[in-house]
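Student: Two independent chains are provided; combine them into the complex using the hints.
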Amino acid sequence: GENVEQHPSTLSVQEGDSAVIKCTYSDSASNYFPWYKQELGKRPQLIIDIRSNVGEKKDQRIAVTLNKTAKHFSLHITETQPEDSAVYFCASSYSGGYNKLIFGAGTRLAVHP
Amino acid sequence: DSGVTQTPKHLITATGQRVTLRCSPRSGDLSVYWYQQSLDQGLQFLIQYYNGEERAKGNILERFSAQQFPDLHSELNLSSLELGDSALYFCASSETTGTGVEQYFGPGTRLTVT
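As you go down the protein sequences, you meet chains A and H in turn.
If you want the working numbering, it's the 1-based position in the first sequence plus 694.
If you want the working numbering, it's the 1-based position in the second sequence plus 5.
Source of the hints: derived by calculation from the structure; they are not laboratory data.
Just to be clear, a hint being listed does not mean it is correct.
[Unchecked claim] Take a look, some chain H residues computed to stay more than 10 Å from chain A by CB distance:
id : residue
1  : Leu16
2  : Ile17
3  : Thr18
4  : Thr20
5  : Thr25
6  : Arg27
7  : Arg31
8  : Gln46
9  : Asp76
10 : Asn82
11 : Glu87
12 : Glu107
13 : Thr117
14 : Thr119
[Said to hold, decoys possible] Once the Cα atoms are required to be at most 30 Å apart in a straight line, the calculated BS3-like pairs of lysine-lysine come out as:
id : chain 1 : residue 1 : chain 2 : residue 2
15 : A       : Lys736    : A       : Lys716
16 : A       : Lys765    : H       : Lys62
17 : A       : Lys762    : A       : Lys716
18 : H       : Lys14     : A       : Lys762
19 : A       : Lys751    : A       : Lys716
20 : A       : Lys765    : A       : Lys752
21 : A       : Lys731    : A       : Lys751
22 : A       : Lys765    : A       : Lys751
23 : A       : Lys731    : H       : Lys14
24 : A       : Lys731    : H       : Lys62
25 : A       : Lys736    : A       : Lys751
26 : A       : Lys716    : A       : Lys752
27 : H       : Lys14     : A       : Lys736
28 : A       : Lys751    : A       : Lys762
29 : A       : Lys716    : A       : Lys765
30 : A       : Lys716    : A       : Lys731
31 : H       : Lys62     : A       : Lys716
32 : A       : Lys731    : A       : Lys752
33 : H       : Lys62     : A       : Lys736
34 : A       : Lys736    : A       : Lys752
35 : A       : Lys752    : A       : Lys762
Remember, predicted model here, so these are calculated numbers, not experimental data.
Just so it is clear, CB atoms sit at the ideal spot from N, CA and C, and this is done for glycine as well.
Just chain H, same shape as in the assembly (with noise of 0.2 Å):
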């Protein structure tokens, strides 16, 4: 167990439809890194936030958005949901933000579009 949680576990909908998928860091962690996992293929990275405030942006839909709450947890939203969005989204924490940081991945929230 990393101490780091994500909730749920499982989410199946319909194309058009939105989601929030919701992760708790690490005690003490101060950022929160969200990856995406589709099917075969590696983790891309997607957005990062650190205490509060959004740090780096990687390939991120618009349809996509994120925030990092006062007590630290983070909500990746997604929205207009396609069949393509379908895959395994990591949430990740590190202690702060400088290079080598080791970052601790949580159990993922497996996303089905329909």
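For reference, chain A alone in the conformation it holds in the complex (with noise of 0.2 Å):
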């Protein structure tokens, strides 16, 4: 069945530097990726999302990259702040899914002042 590994489970990191968590999905036919924010207590926030037809995109700090062909895609965020600690999780869907989602186990990222 779908599968969607994500790395690290934790990432602590100093204010300013960047922060990268990376996913492998198994189903080939995922088409969908997207990235959801969770504070704690709080419901998943879409931050940003990727279609299979793009490599990378962008959005202010936070960028996404795809490899279609080694079934990866990670986040990026640069110039990190403390407000960026939450648990990040990734998530794959594909076409006649009817769009579950399928998530990954979580990271955890801590940004110290």
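Tutor: And the structure:
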């Protein structure tokens, strides 16, 4: 079945450094890859997404890259700030899957001032 | 605020009991998804409805069931509850079921089984 692996499980960086979170998916039919940010006790919120026909997408300090051949996609956060501290989840879905999302296990990012 | 509402916010009940979680999607959204988030776990897809009909099923236990009503709100029924069912249950909604249509998550219902 579909599976998404996410690494690392925890990530600690200094304010201003970059953070990279990586995910690998198993289903070659996957064609949509969103990233969600979840603060403690809150709902997941979409921060950026990428579709299979695009290799990279940027939104201010956040970027996502996709390598379809290797079935890898990554989240890059530059110039990290303390408010970036949260749990980040990658996910995938595929055409014909009715948009259901298969999530990675999450990465707890801590940004230290 | 995503526009998705869930009630109750918190629920504490005993093993063996049955509970119902309620979700109202954003105005205009026809699709509802249910996800389970156990302690220190990721989000697990349970089930999805579109305009009243079940469309996709994940690793949902037989003790769990759901439905979507004509007014598009959805209910998730959990029966014969076990300690391991303690989790945060999220509902999400989207306009359609097309791949890549953004899902908006509700605030969640925290279920504690004692």
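Student: With d taken as the least Cβ-Cβ distance between Thr117/H and chain A, does d exceed 10 Å?
Tutor: holds (14 Å)
Student: Holds or violated: Lys716/A with Lys752/A, Cα cutoff 30 Å?
Tutor: holds (16 Å)
Student: Is the Cα-Cα distance between Lys14/H and Lys762/A 30 Å or less?
Tutor: violated (40 Å)
Student: Would the least Cβ to Cβ distance between Asn82/H and chain A come out above 10 Å?
Tutor: holds (20 Å)
Student: So Glu87/H supposedly isn't at the interface. Is its beta-carbon more than 10 Å from every beta-carbon in chain A?
Tutor: holds (22 Å)
Student: Within a Cα-Cα threshold of 30 Å, do Lys736/A and Lys751/A meet the stated pairing?
Tutor: holds (26 Å)
Student: Can you confirm whether the C-alpha distance between Lys765/A and Lys752/A stays at or below 30 Å?
Tutor: holds (19 Å)
Student: Per the stated criterion, does the least C-beta distance between Gln46/H and chain A lie above 10 Å, as a non-interface residue requires?
Tutor: violated (7 Å)
Student: Check whether the Cα positions of Lys752/A and Lys762/A lie no farther apart than 30 Å.
Tutor: Holds. Lys752/A to Lys762/A sits at ~18 Å (cutoff 30 Å).
Student: Say whether it holds or is violated: Glu107/H keeps its Cβ farther than 10 Å from all Cβ of chain A.
Tutor: violated (6 Å)
Student: Next pair to validate is Lys736/A with Lys716/A; report whether the Cα-Cα distance is within 30 Å.
Tutor: Distance ~23 Å between Lys736/A and Lys716/A Cα, so the pair holds.
Student: Taken at face value, is the distance from the CA of Lys736/A to the CA of Lys14/H at most 30 Å?
Tutor: holds (12 Å)
Hint check: violations occur at hints 8, 12, 18; the rest are consistent with the structure.
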